[in-house]
Every structure is written in structure tokens, then in C-alpha cells.
Amino acid sequence: MEKLADLPPLALVVFAITLAVIFAVRHFGLSSGENVSPQKRHAAAQVAAVIVDPTALNNATKALEAHTEAVIDLNDTMKASGKSLAHVAAEMDRIREELRIHREIARRP
1 MEKLADLPPL ALVVFAITLA VIFAVRHFGL SSGENVSPQK RHAAAQVAAV IVDPTALNNA
61 TKALEAHTEA VIDLNDTMKA SGKSLAHVAA EMDRIREELR IHREIARRP
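Numbering follows my numbering, in which position 70 of the sequence shown is assigned residue number 70; successive positions increment by one, without gaps.
Since the hints were derived computationally from the structure, they do not count as laboratory data.
Owing to the predicted nature of the structure, the values given are computational and were not obtained by experimental measurement.
Misleading hints may appear alongside valid ones.
To be verified - Restraint-style ranges between C-beta atoms, simulated for each label pair:
1) 89 with 66: 51 to 59 Å
2) 56 with 94: 42 to 50 Å
3) 16 with 82: 45 to 53 Å
4) 92 with 54: 52 to 60 Å
Said to hold, decoys possible - As a list, the in silico SDA-like pairs of lysine to any residue whose alpha-carbon atoms are at most 25 Å apart:
5) 83 with 62
6) 62 with 75
7) 62 with 72
8) 83 with 94
9) 83 with 72
For every residue, glycine included, the Cβ atom is placed at its ideal position computed from N, Cα and C.
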């Protein structure tokens, strides 16, 4: 809290406004939830039951795990490709240097 006192006045005002917005949104969200008719609550409960269907969640989890594994494989492949390209670049530098030396030798009488 003592660090808040060290802030400039504008920062304190922005911080206070941000907190006020957060609490206002929370308050109005709770009050609108209390004002919902029982029929709408029942419909929302049915939607929640459909969303929390365990087979759909299990299938989504399997798909996400497969995607994660594919991304990890892609990441490993890209790392290996980067290493290969680094080796190719080093070899090209060696060849370039060797050609430069050959040209230098060819220029000498």
C-alpha cells in the first residue's frame, strides 16, 4: 500500500477509475443475474448440461493432445532444420574462403 502513495496523482486516478469499472461491471452482472426469469435460468442450465457433456470434453481433450504433440514434433523438426541450415551456412563460408584463397593464388605471378 505504501507504494501506491508514491505514484503520481494521474496514475492514482486511473487506478481508482479502473477499480470502479471492475466493481461496477461485477455489481451490474450480479444484479442482472438475479433479475433473470426462472424460464431463462432453466434454459441456461440445459445449455450448461450440453456444454459439460463428458464425451465431447474427452474428444476435445484428445484432439488438443494430438495437436500439442504435432506442434511439439513441428518444433523439433524446425530446430533440426535450423541446425542443418547452420551447418550448410558454415560449409558455404568455408567454400567461399577457399575460393577466395584460390583467386588470390591465381592472381600472383
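Legend entry - Numbers of unmet hints, in rising order: 1, 2 and 5
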